[in-house]
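Fit chain Y to the known structure of chain P by using the hints.
The listed protein sequences correspond, in order, to chains P and Y.
The first sequence begins at 506 in the numbering used here and counts up by one.
The second sequence begins at 27 in the numbering used here and counts up by one.
Hints may contain errors.
Distance ranges between label pairs, derived from CB positions [what the hints assert, rightly or not]:
1) Asp817/P with Asn246/Y: 16 to 24 Å
2) Lys140/Y with Leu795/P: 49 to 57 Å
3) Asn246/Y with Leu656/P: 52 to 60 Å
4) Asp817/P with Met142/Y: 55 to 63 Å
5) Lys829/P with Trp284/Y: 18 to 26 Å
Calculated lysine-lysine pairs in the DSSO-like style (CA-CA distance at most 27 Å, straight line) [said to hold, decoys possible]:
6) Lys657/P with Lys736/P
7) Lys545/P with Lys36/Y
8) Lys821/P with Lys608/P
9) Lys94/Y with Lys552/P
10) Lys815/P with Lys94/Y
11) Lys736/P with Lys759/P
If you only want the chain Y side, here are some residues facing chain P, beta carbon under 10 Å, derived [to be verified]:
12) Ser64
13) Gln66
14) Gln70
15) Asn73
16) Leu74
17) Ser77
18) Tyr152
19) Leu153
20) Arg156
21) Asp162
22) Thr243
23) Thr244
24) Ser255
25) Ser256
26) Leu263
27) Phe264
In short, the hints are calculated from the structure, not lab data.
Values in this document were obtained by computation on a predicted structure and should not be read as measured data.
For every residue, glycine included, the Cβ atom is placed at its ideal position computed from N, Cα and C.
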Amino acid sequence: MKLRTLILGLLSASALAFAAHAESITIATVNNGDMVRMQKLTDDFTKANPDIQLNWVTLEENVLRERVTTDIATKGGQYDVLTIGTYEVPIWAKQNWLLPLDKLGDDYDVKDIIPAIAGGLSVDGKLYAAPFYGESSFVMYRKDLMEKAGLKMPDAPTWDFIKQAADKMTDRANGVNGVCLRGKAGWGENMAFLTAMSNSFGARWFDENWKPQFDQPEWKNTLQFYVDLMKADGPEGASSNGFNENLALFQQGKCGMWIDATVAASFVSDPKASQVADKVGYALAPDNGLGKRGNWLWAWSLAIPAGTQKADAAEKFVSWATSKHYLELVASKEGWANVPPGTRSSLYANPEYQKAAPFAKMTLDSINAADPTHPTVKPVPYVGVQFVAIPEFQGLGTTVGQLFSAALAGQSSVDDALKQAQDAATAAMTEGGYIK
Amino acid sequence: MARAVTTQHKTIATAAAWIVALLIFFPILYTIITSFKSEQEAIQGFNLIPSGTFESYSEVQQQSGYFKFFFNSVLLSVGSTILALIVAIPAAWSMAFSPTKRTKDVLMWMLSTKMMPAVAVLFPIYLIFRDSGLLDSRIGLTVMLMLINLPIVVWMLYTYFREIPGEILEAARMDGASLWNEIIYVLTPMAIPGIASTMLLNIILAWNEAFWTIRLTTTNAAPLTAFISSFSSPQGLFWAKLSAASTLAIAPILIMGWFSQKQLVRGLTFGAVK
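Chain P on its own, in the form it takes in the complex:
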């Protein structure tokens, strides 16, 4: 008995000593399929790095953003690795809140990162976050309904074609809406879609002197087209539909077309979840022949906050999670179709991936068609395709989103919504000191 106690004591003491020696890093992340998969595969990392323990904090996107902002602004030091998007990276890097990633390792191959994505995550040529998965937006459409309508979707459609196709596909008696688009208010919800769409109509949020542009005809054309299209061919209650609501509608066969994140392709083509899995086609986001398409660019990325005490361990983890080796690891365990998309050029050159993911080429083309540094037809003073990378944008974008959502719901006219948006933007820009 005594011997057993002694052995147990020794064992626990050594376990404690080991635990004390191991460095633990805390990773803040969002709940989506790719991130959850990564958490399951971390054995591969901890085996190679037995002295690093990983703690995960998974939060809903908006809560995460608020939590992480609070912590980073107060230098609370709660997190060692952050999951953030293309909106935050340039702003936070300029505030010196993030550490530049310059020790990712010799075999990391930074140049392999898709240039459009790397551009959105760099400031002054330095990479401040490593992309975990990247996305753009494109058109997902029902091939069977398109055929029934007697039309053929071009690889690069125009907005006029989308309108024509939507009108023909709409069959409300059978519950089919020609087109499903985001309407739920929020800077990352309807405004992500509408800002990207407005780029293809030649609109912009601000001119070179930060003067708001909602009083210009380009915005009027954008919003009027959107509201008319949705009234004629959109689902009922569209003003409360976001990504998830439209995904559910599309998977149940209630949408002829859906223009949204490229990452949705893996959901709508999954026969386990989608009733229309074998009938989905893909095309680039529409344009108006002005040189810009209505697609966005986003990358969920891993960054290291400046307040961390464990920068080396954190960077080792970031390097592992965004490496080529990680893509191969996912492929070997769960198949190529489940590999996080949109980050590395080499993935799109891989024939096995091309075979497993029929949407691969269209995803890459969409990503390449977005240019965060020159997002609009006319020149602008900001970076960002479906957002404006300034701290004021979260609040302002959501306010404008609410106005536009109300216009979609018929609670106000397009003109009223634009006038109020112009007033709100002017007030926010004046308060922020951008204009006098």
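Then chain Y, alone, in the frame of chain P:
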């Protein structure tokens, strides 16, 4: 005749009570039903009969590990309640039995702290927690939960204590009871029903608190509110998993509430009708 009307009234009142109760309970019921569906079933519109799969529960457990969060929830809610009672019983005693001119103002001031939106003090509190090393600590969060619920605890106890005749305490004093003896041996036993229902309500409030418990924790002290939050996703449909996580999180407090409903109702309506 009069009897018939009473029966009819009774039936209508019972039916109305059932309808209201069902309306209030329905969202919880539907969450529980959805938790036994597959993800595909969950998005297929309204359906009250699930296929009965436990898939979501096992995935939720695999992904996050329920018991760590459960343990923290129990510790935080019970701990903060006990702490609150230790502070609130003497406070309510003094206000109920030796009121001064300003007692009402003090009570009102305490309640007024509940009128401010919590987010208004997020930064100061966060900085205090950071500087005292209390971020993500169970002790820090227990104190925080105690503080935010304290006004309600004091108010409830004050209302119960006021119902107890002061003469009984005077009699105890005349028999030579010290202050402590008076509170512990005379007041507390008489106020047990009131204290019990205050305790129950406070445990429920602390259990469901989702602002500070999410914002002041990361991994070590995170309770079930953080557990639920981790299954909410703007991109991807995880309704069945989210429902399973919610059901797991509310089950303990629902069961506790069910068993103690008599106490709770009695406590909440105590002194309401004279």
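Quick rundown of the hints versus the structure:
| no. | hint | verdict |
| --- | --- | --- |
| 1 | Asp817/P with Asn246/Y: 16 to 24 Å | holds (23 Å) |
| 2 | Lys140/Y with Leu795/P: 49 to 57 Å | holds (55 Å) |
| 3 | Asn246/Y with Leu656/P: 52 to 60 Å | holds (58 Å) |
| 4 | Asp817/P with Met142/Y: 55 to 63 Å | violated (42 Å) |
| 5 | Lys829/P with Trp284/Y: 18 to 26 Å | violated (54 Å) |
| 6 | Lys657/P with Lys736/P | holds (24 Å) |
| 7 | Lys545/P with Lys36/Y | violated (57 Å) |
| 8 | Lys821/P with Lys608/P | holds (8 Å) |
| 9 | Lys94/Y with Lys552/P | holds (24 Å) |
| 10 | Lys815/P with Lys94/Y | holds (25 Å) |
| 11 | Lys736/P with Lys759/P | holds (16 Å) |
| 12 | Ser64 | holds (9 Å) |
| 13 | Gln66 | holds (5 Å) |
| 14 | Gln70 | holds (7 Å) |
| 15 | Asn73 | violated (13 Å) |
| 16 | Leu74 | violated (18 Å) |
| 17 | Ser77 | violated (14 Å) |
| 18 | Tyr152 | holds (6 Å) |
| 19 | Leu153 | holds (6 Å) |
| 20 | Arg156 | holds (5 Å) |
| 21 | Asp162 | holds (6 Å) |
| 22 | Thr243 | holds (8 Å) |
| 23 | Thr244 | holds (5 Å) |
| 24 | Ser255 | holds (5 Å) |
| 25 | Ser256 | holds (4 Å) |
| 26 | Leu263 | holds (6 Å) |
| 27 | Phe264 | holds (7 Å) |
Violated hints for the displayed structure, listed by number in ascending order: 4, 5, 7, 15, 16 and 17.
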